[in-house]
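Throw the hints in and build the complete structure from the sequences for me.
Next come the chains, spelled out residue by residue.
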Amino acid sequence: MRSENERVAPDGELRTMTLEAYADTIIPGEKRSADDRAIAGVATGGGAVQAGALELLQWDATGIHNGLDDLARLLNEHTEVYAGERGLTLDPQVPPFVALEYPDRVALIQRLTTPGHPEKEFWVMLALFCNMSFDSAAHLHTAEALAAGHPGLTVMGIPKPGPDGLWRFEDFGYGRVFARLHPDTTSTGSPA
Amino acid sequence: MSSTVERTEVLVIGSGFGGAIAAYHLAAGGAEVTVLERGPWLESTDFEHDYKLGASYTRAFDFTVGDGMSILGGNCVGGGSVVYFAAMPRAPRFVFERHGSIGRRMWPGAVSRDTLDPWYDRVEESLSIKKQDWNDVSYAGGLWAAACNHSGRTANPLAVAIDNSKCVNCNWMMAGCRFEAKQSLLVNYLPAALAHGAEIRPLHEVQHISRTSDGDYRVHYNLVHEEDYRLQAGSGVIEAKIVVIAAGAGATPVILQRSEAHLGRMPRAVGRYFSGNGERLNTAIIDEEKAASLFGLDRGDGVAYAANHIGKGPTVASWDKLDGSLPEYSRYSLEQLYFPPGLGTILAQAPDAAGPAWFGPDKKEILRNWTSWLTIFSMIEDDNEGVFGPPPATGNSHRISQQMLGRGNLRYEPTKNTLGAWAASDAEVKEILEKDGLAKVMPWTNDLVGAYTVHPLASCRMGDDPHTSALDDRNELRDHPGIFVTDGSAVPGALTVNPAMTIAALAERAVPGIVQAAQRKGISVTYGAPAPDGSRSGRKRVLPLLPSLARS
Numbered sequence: 076m077r078s079e080n081e082r083v084a085p086d087g088e089l090r091t092m093t094l095e096a097y098a099d100t101i102i103p104g105e106k107r108s109a110d111d112r113a114i115a116g117v118a119t120g121g122g123a124v125q126a127g128a129l130e131l132l133q134w135d136a137t138g139i140h141n142g143l144d145d146l147a148r149l150l151n152e153h154t155e156v157y158a159g160e161r162g163l164t165l166d167p168q169v170p171p172f173v174a175l176e177y178p179d180r181v182a183l184i185q186r187l188t189t190p191g192h193p194e195k196e197f198w199v200m201l202a203l204f205c206n207m208s209f210d211s212a213a214h215l216h217t218a219e220a221l222a223a224g225h226p227g228l229t230v231m232g233i234p235k236p237g238p239d240g241l242w243r244f245e246d247f248g249y250g251r252v253f254a255r256l257h258p259d260t261t262s263t264g265s266p267a
Numbered sequence: 003m004s005s006t007v008e009r010t011e012v013l014v015i016g017s018g019f020g021g022a023i024a025a026y027h028l029a030a031g032g033a034e035v036t037v038l039e040r041g042p043w044l045e046s047t048d049f050e051h052d053y054k055l056g057a058s059y060t061r062a063f064d065f066t067v068g069d070g071m072s073i074l075g076g077n078c079v080g081g082g083s084v085v086y087f088a089a090m091p092r093a094p095r096f097v098f099e100r101h102g103s104i105g106r107r108m109w110p111g112a113v114s115r116d117t118l119d120p121w122y123d124r125v126e127e128s129l130s131i132k133k134q135d136w137n138d139v140s141y142a143g144g145l146w147a148a149a150c151n152h153s154g155r156t157a158n159p160l161a162v163a164i165d166n167s168k169c170v171n172c173n174w175m176m177a178g179c180r181f182e183a184k185q186s187l188l189v190n191y192l193p194a195a196l197a198h199g200a201e202i203r204p205l206h207e208v209q210h211i212s213r214t215s216d217g218d219y220r221v222h223y224n225l226v227h228e229e230d231y232r233l234q235a236g237s238g239v240i241e242a243k244i245v246v247i248a249a250g251a252g253a254t255p256v257i258l259q260r261s262e263a264h265l266g267r268m269p270r271a272v273g274r275y276f277s278g279n280g281e282r283l284n285t286a287i288i289d290e291e292k293a294a295s296l297f298g299l300d301r302g303d304g305v306a307y308a309a310n311h312i313g314k315g316p317t318v319a320s321w322d323k324l325d326g327s328l329p330e331y332s333r334y335s336l337e338q339l340y341f342p343p344g345l346g347t348i349l350a351q352a353p354d355a356a357g358p359a360w361f362g363p364d365k366k367e368i369l370r371n372w373t374s375w376l377t378i379f380s381m382i383e384d385d386n387e388g389v390f391g392p393p394p395a396t397g398n399s400h401r402i403s404q405q406m407l408g409r410g411n412l413r414y415e416p417t418k419n420t421l422g423a424w425a426a427s428d429a430e431v432k433e434i435l436e437k438d439g440l441a442k443v444m445p446w447t448n449d450l451v452g453a454y455t456v457h458p459l460a461s462c463r464m465g466d467d468p469h470t471s472a473l474d475d476r477n478e479l480r481d482h483p484g485i486f487v488t489d490g491s492a493v494p495g496a497l498t499v500n501p502a503m504t505i506a507a508l509a510e511r512a513v514p515g516i517v518q519a520a521q522r523k524g525i526s527v528t529y530g531a532p533a534p535d536g537s538r539s540g541r542k543r544v545l546p547l548l549p550s551l552a553r554s
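Heads up: the sequence lines are chains A and B, in that order. Each residue of the first sequence is one higher than the one before, counting from 76 in the working numbering. Each residue of the second sequence is one higher than the one before, counting from 3 in the working numbering.
I should point out that these hints are in silico values taken from the structure, not numbers from a laboratory. Even for Gly, the Cβ is constructed at its ideal location relative to N, Cα and C.
Derived contacts from chain A toward chain B, CB cut-off under 8 Å, selection only:
no. : residue
1   : Ile101
2   : Gln185
3   : Ala202
4   : Met231
5   : Gly232
6   : Leu241
7   : Arg243
8   : Phe244
9   : Asp246
10  : Phe247
11  : Gly250
12  : Val252
13  : Thr263
14  : Ser265
15  : Ala267
What follows is the structure in C-alpha cells.
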C-alpha cells in the first residue's frame, strides 16, 4: 500500500494520475485500458487526457507548470475533506481524487470553481488549460495536430488546411437576401 | 541603458486606433513622433493559422482576468486593429444622450452623433469602410438573418473595413489577417506615419510618467522579451513635450494610477467608470435539419449550415432594439459573431445539461457539434461599474503565461441595470433562435472569469463634469496639460455596437486639439493631413469644424 503522503502529495505517476483525473472530468474520454484508473470512462472517444492535457499543463509557456505539485496535493486534500463529509471510503491504492467516482469528481470541481471559493481562480485556470488541450490543442501546431488525428480538433469537425497550412473557403455564404433591413439604416450601412 | 535621456516632441503610448491616428496626423503635420508599443511588431507573413501557444494568435493578444470582468485586447503594433473583426458601425444617435450611472448626460456637450459624423466620415475614408450587401454575408450571418426574419425582426449586413477581393473567409482574422484583406492600421495609418518620420518601438511597455523641471514629461518604460512577456529586458526613459496615451482601456488607467506619485493627483475618474461595452455571448447549437426545413438553407452539398468556422467574424446584426424611444438599459444590438477555439470555448454552456453545463459529458457533446454553433454577441448598455484597484508591479497585469494570460486588478460588479439588460438580451436571442426548434441556446457563464469583454471602454473617460470624467471634451487629462488620452478609455460608456469606429472618430476629433497644444509648447506642427492614402474628401468636411475645437 502506498503511504498517505505519497498518495495525497504525489509526484511522478501519482501526480500524473491526479491531474489526468481532473482533466478527464473537464472533458471526459474513454479509458485507455481496462485498468485505467485516472480516466473515469464516462464518454466515448478521446477526452482532454488523450488530447494532451498533461503535455500542455507541463509546458512552461502556460505558467501553471510550477504549480502542478501544489494543485495535485490540494486537490487530494480537498477530496479527503469531501469524502469525509459524505462518508466515502477511498481506495488507498490510488490518489484520493482518482479514487472518486465521476459524479463525485464533478461535484468537487463544481465546489472548487464556484464564485467565492478562495482557490477558485487556480482551479479555473487548471480547467482552462485542460479545455484548451482539447478545443485548440494549444501545445501543438494546429495543422500537425489535425494531420495526426487530434481527438479534440477532429471531433469538433475542424477541417484540414490547404497544403500551405492556411485555411481558405471559396464558398462562404448563401448569397440570398434573408431579411428586411432596419428602417433607420443610414446610406453608409450604420444605425441612424 | 544609456544614461542620456532620449527626447522626442510627441510620445505616443500604444499603437492601436487611438495611438496610430494621433501619430499619423502629428507626424504628417511636422512633429517628431515616437510610438511605444508593449507588444511585438508582426507583419502579414507572421500571421499564422495556428492555435499553438507562441503563434501570432497568442502573441498578438492580451487576456487579463479581473474580478468580475475579463478583458481580451490587442497586444502588438496596430493594437486592437490587428485582432479585431473590422465591424465598423457608427454608434446610434441615442447613445450620445445616455445618462448612465450619473443621472445626467455623460458625453461632453460638444459631442453628439451630428458633431461626430464628420469625423466618422474621415475614418470611413481612411480605413476604406464599406457597406456590405447580402452577397458579402457569411453562412453564419445568413443563418442569423434568416432566424431574425423568421421571428419578425430586421437584420443588417454590417459595414466593415475588409477588402472583400482579398478575403478568403478563413475566419482567422483574430490572429491577424494573413491576406491583408482586413484594413488594420498596419496597412493605412501606421505606414503613413512611418513615411512621415514617426518611429515605432515594439516591446516597450510604459510603466509610468513623471515631469521634468521645465514642465515636459518623462515616460518610463520596460523592454519586454519578444517571446516570453513575463521577462523584462531592461528599461529606459524618453522625454517629450506632449504625451498621447492610447494603451487601451485596460492599461491606460493603470499607467496613470502608477504615475500619480510622480505627476500629482489624478482626476477622480481615472480607473473608474470602466465599461465592458455591455458585452455578452450566447452559443446556439443549430439543428441542421431545422435550418434546412425552415429556411431552405443549403450550402450546395446538402449541408444546411455546419459553417461555424467559415467566414469573416461578424457579418450581420439585428438592430431592432436600437430605438432611442426605449428606456435606457433596454436598448442593445444582437450580432452574429465567430469565436475561435481557445479564447472562450470553455465558457460556452451545454443547453439542457443534466450535470455541469461548462464542463463534463454534456459539454463534450456540444463540442461534437461545434461546426453547428452559432454565436450571438449582445451589446447592451451597462452601468460603467468597473473600478481598477492598485496597479500591479509592472504593466497592467501579473502575467501568468508567457503570452496572453494575466491577472489584473479590475473589479466589476454588475448592477441590476446591467444584469437586467443581459437577461433581456439573452431572452431575445433564445426566443429568436429556439423558435420552431431551430436551435438550443445558452449564454456563456460569467462564473469562471466574470463577464468577458473584447471592447473595454471608459476607464479614463471624457466629459464636462470633473467629478465623473478624467478628460475634458478635447481628450486632455484634467489638471495635467499636455497629456491626452485617445483610446477606448476616453469613450464615456457602452455604445450598443462595436466601438472601433467611434474610438477612431474620437481620436480623429482629438487631433486638432493635440496639434494646438503642441504648437503652444513650441513644436512646429500643423493640422490638415489627408487620409493615409491621400484621399481628401474627409478632410474637407472637418476643416470648417476646427474653430469649434480650438482653445482660447
